[in-house]
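With the hints as your guide, set chain B onto chain A.
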Amino acid sequence: MPLFKTVLYSTDFSPLAETALEYVKKLKEAGAKKVIVTHVVTSLSIELPEGTDLMNSEILSNVLPKADQLYVTSIIEKLDRIKKNLEFNELEVEIALRYGTPGDEIVNVAKEKGASVIVMGAHGKGLLTEILLGSVSVDVMRKAECPVLIIKKREE
Amino acid sequence: MLFEKILYPIDFEKHSLEAKPYVLKLKEAGCKEVHILHVLLPSEWGLLPKEEYDSIEKVEGLKSALSEGYSDALIKRFKEMEELAKEFEENGIKTKVVMIPGELDEVISNYADKYGVKLVTLGINAASLSIFRVGKIMDVLKATKQPILIVKSESEE
Chain A
781 MPLFKTVLYS TDFSPLAETA LEYVKKLKEA GAKKVIVTHV VTSLSIELPE GTDLMNSEIL
841 SNVLPKADQL YVTSIIEKLD RIKKNLEFNE LEVEIALRYG TPGDEIVNVA KEKGASVIVM
901 GAHGKGLLTE ILLGSVSVDV MRKAECPVLI IKKREE
Chain B
108 MLFEKILYPI DFEKHSLEAK PYVLKLKEAG CKEVHILHVL LPSEWGLLPK EEYDSIEKVE
168 GLKSALSEGY SDALIKRFKE MEELAKEFEE NGIKTKVVMI PGELDEVISN YADKYGVKLV
228 TLGINAASLS IFRVGKIMDV LKATKQPILI VKSESEE
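Quick mapping for you: the protein sequence lines, in order, are chains A and B.
Counting along the first sequence from 1, when you hit position 44 you're at 824 in the numbering used here, and nothing is skipped either side.
Counting along the second sequence from 1, when you hit position 68 you're at 175 in the numbering used here, and nothing is skipped either side.
This is chain A alone, in the form it adopts within the complex (with noise of 0.2 Å):
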């Protein structure tokens, strides 16, 4: 049964991420074959769509200020270690980069790629901020239509 087929990966960069990823590599054992290594920016000198693919050339070139593209030029090669890092373990990966607000933006991603399964940190604030704000995790678990592995900050 293909209950882990393909698995999105959200990342942020942190230190959480990096140990949420050693869960997506362990998936494979479980029939993980795709990985959509998934980052939302959330903040650019400029207006831009939500949901805007980052990762289309012509968007990078043509529309993004200069200071911007060195941004998102940068996040690109933190994907692109990770996208080797992932095939390197035999995965086929790709990669979303998309411009807005991350819940949405992974769970819309997750729809579009048919995501079995959404792997991702939650780096856990505070009861009032979650229920007034929501953090991202909790909003993809209230948005997602597949299974979440959420993977929480251990308190040392």
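Don't take each hint at face value.
Said to hold, decoys possible - As a list, the in silico DSS-like pairs of lysine-lysine whose alpha-carbon atoms are at most 30 Å apart:
hint	chain 1	residue 1	chain 2	residue 2
1	A	Lys785	B	Lys186
2	B	Lys203	B	Lys170
3	A	Lys785	B	Lys203
4	A	Lys805	B	Lys134
5	B	Lys221	A	Lys806
6	A	Lys785	B	Lys132
7	B	Lys139	A	Lys933
8	A	Lys891	B	Lys132
9	B	Lys165	B	Lys139
10	A	Lys813	B	Lys225
11	A	Lys846	A	Lys814
12	B	Lys170	B	Lys134
13	A	Lys933	A	Lys893
14	B	Lys170	B	Lys139
15	A	Lys806	B	Lys139
16	B	Lys112	A	Lys923
17	A	Lys806	B	Lys165
18	A	Lys932	B	Lys139
Quick caveat, the hints were computed from the structure, so don't treat them as lab data.
Note that the coordinates shown come from a computational prediction; the quantities given were computed from them, not determined experimentally.
Same frame as chain A, now just chain B:
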């Protein structure tokens, strides 16, 4: 090691059982042991002695603390949990079946810590994550330190 020991809390509703195929599948990623836990909520069962009821004998021992209908219902549930455990055992996964009185978040997080659980798998109803329902599942998500796999079902409660 990441999925070696899984805690699988169930409430006997359809949605909690929908997580089962995922737990079974994780055997291929190293799951060796599954603990099937049913939390006996005070709102449902009253205040019961706080113990781990992990055998039919122990559950039967609760007869004195419960009225007859309740006690029979509890025994029936334990047997259903044992049936569920058989499916895992048949797939080569070691199991433990246990009922514990208390609040959902407290019991699940304490149990996961005590037994070195690597992953908590929750099969839940989508409505239980609603922004209007702050309690229960959200409390479990906050209280549990271990990774959590949420398998959401859209079915009616």
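Going down the list of hints, with the structure as the test:
1. Restraint check for A/Lys785 and B/Lys186: not satisfied, since their Cα atoms lie roughly 34 Å apart, outside the 30 Å limit.
2. Only pairs whose Cα atoms come within 30 Å are accepted, and B/Lys203 paired with B/Lys170 is accepted, the gap being roughly 22 Å.
3. The hinted pair formed by A/Lys785 and B/Lys203 meets the criterion: a straight-line CA distance of about 29 Å does not exceed 30 Å.
4. The straight-line distance between the Cα atoms of A/Lys805 and B/Lys134 is roughly 15 Å, inside the 30 Å bound, and the hint therefore holds.
5. The straight-line distance between the Cα atoms of B/Lys221 and A/Lys806 is roughly 24 Å, inside the 30 Å bound, and the hint therefore holds.
6. Taking the CA atoms of A/Lys785 and B/Lys132, the gap is about 11 Å. The hint holds against a cut of 30 Å.
7. A C-alpha spacing of about 24 Å is found between B/Lys139 and A/Lys933, which places the hinted pair at or below 30 Å, so the restraint holds.
8. For the suggested pair A/Lys891 and B/Lys132, the alpha carbons sit about 22 Å apart, so the restraint of at most 30 Å is met.
9. A hinted pair counts as satisfied when its Cα atoms are at most 30 Å apart, and B/Lys165 with B/Lys139 qualifies at roughly 25 Å.
10. Restraint check for A/Lys813 and B/Lys225: the C-alpha separation of about 23 Å stays at or below 30 Å, so the hint holds.
11. Proximity of A/Lys846 to A/Lys814 is assessed by CA-CA distance (about 33 Å); at most 30 Å being required, the pair is judged violated.
12. Distance hint between B/Lys170 and B/Lys134 is unfulfilled; the C-alpha atoms sit about 37 Å from each other, more than 30 Å.
13. Taking the CA atoms of A/Lys933 and A/Lys893, the gap is about 27 Å. The hint holds against a cut of 30 Å.
14. The hinted pair formed by B/Lys170 and B/Lys139 fails the criterion: a straight-line CA distance of about 34 Å is larger than 30 Å.
15. About 14 Å separates the Cα atoms of A/Lys806 and B/Lys139, which keeps this hinted pair within 30 Å; it holds.
16. Distance check on the hinted pair: B/Lys112 and A/Lys923 sit about 28 Å apart at the alpha-carbon level, within 30 Å; holds.
17. In summary, the hint linking A/Lys806 to B/Lys165 is not supported, as the alpha carbons are separated by about 38 Å, beyond the 30 Å threshold.
18. Between A/Lys932 and B/Lys139 the CA atoms are separated by roughly 22 Å; this keeps the pair inside 30 Å, and the hint holds.
The structure shown violates the earlier hints numbered 1, 11, 12, 14 and 17.
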